[in-house]
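The whole structure should be built from the sequences, with the hints applied where relevant.
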Amino acid sequence: MYYSGIDQHKQFSYITTVNDDGIIIKQAELKNNSFDILNYFSSIGNEHSATIETTGGWYWMNDLLSSHGISLKLAHAKYVKAIAYAKVKTDKVDSHILAQLLRMNFIPEAYKISDDVRPLRARLRLSQKRTSCINFMHRMLEKFNINEPSLLSDFYKLQYQQFDR
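So for the sequence shown, full-length UniProt numbering puts the first residue at 1; every next one is plus one.
Treat the hints with care, since some could be wrong.
As the list claims (entries may be wrong) - Subject to a maximum C-alpha distance of 27 Å in a straight line, what follows is the list of computed BS3-like cross-link-like pairs (lysine-lysine):
hint: 1; residue 1: K10; residue 2: K73
hint: 2; residue 1: K112; residue 2: K31
hint: 3; residue 1: K112; residue 2: K129
hint: 4; residue 1: K26; residue 2: K92
hint: 5; residue 1: K73; residue 2: K26
hint: 6; residue 1: K92; residue 2: K31
hint: 7; residue 1: K10; residue 2: K89
hint: 8; residue 1: K10; residue 2: K143
hint: 9; residue 1: K89; residue 2: K73
hint: 10; residue 1: K81; residue 2: K129
These are computed hints drawn from the structure, not numbers from a lab.
These numbers were taken from a predicted model, which means no experiment stands behind them.
Here it is as structure tokens:
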């Protein structure tokens with residue numbers, strides 16, 4: 001069994017893979033694209049498990065790896081930091097620590113939402129953002145004492161054109 005720790009960033013990920021004995025098998029910095037990530041894992045072979053910290057980009061990594069038979073555990077970033085404090089903090093060290101924690105089954109797992117709930121959450125966030133924007137505009141109008149009916153009618157038309165599609 002191989003264990004991989006993934007330190008993911010916006011443009012790239014640093015991956016470290018260790019075996020059952022904790023010996024590093026492979027390390028690489030890869031661009032965040034399907035081709036590079038899958039080539040990395042296919043070059044190692046065998047049964048695989050991986051972990052990634054909770055970041056904004058874990059959805060697509062989970063979808064990619066799980067569709068190719070690699071189980072991905074979502075590590076709670078705050079608790080990983082508490083468990084594995086390191087004086088030297090680099091991507092290489094972080095990914096290695098994640099791999100070792102996964103190997104020893106010490107990963108503090110974060111809740112991974114199911115695929116069917118993701119669109120509902122995205123819609124909820126959009127609705128919250130819409131409400132926030134509308135409230136902000138109302139406060140701005142109030143702040144500058146804009147209450148001219150002709151101006152407000154244009155504002156309300158624009159408001160509903162943008163969000164009620």
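Each hint tested on the structure:
no.	hint	in the structure
1	K10 <-> K73	holds, 19 Å
2	K112 <-> K31	holds, 24 Å
3	K112 <-> K129	holds, 23 Å
4	K26 <-> K92	holds, 11 Å
5	K73 <-> K26	holds, 19 Å
6	K92 <-> K31	holds, 15 Å
7	K10 <-> K89	holds, 18 Å
8	K10 <-> K143	violated, 38 Å
9	K89 <-> K73	holds, 22 Å
10	K81 <-> K129	violated, 31 Å
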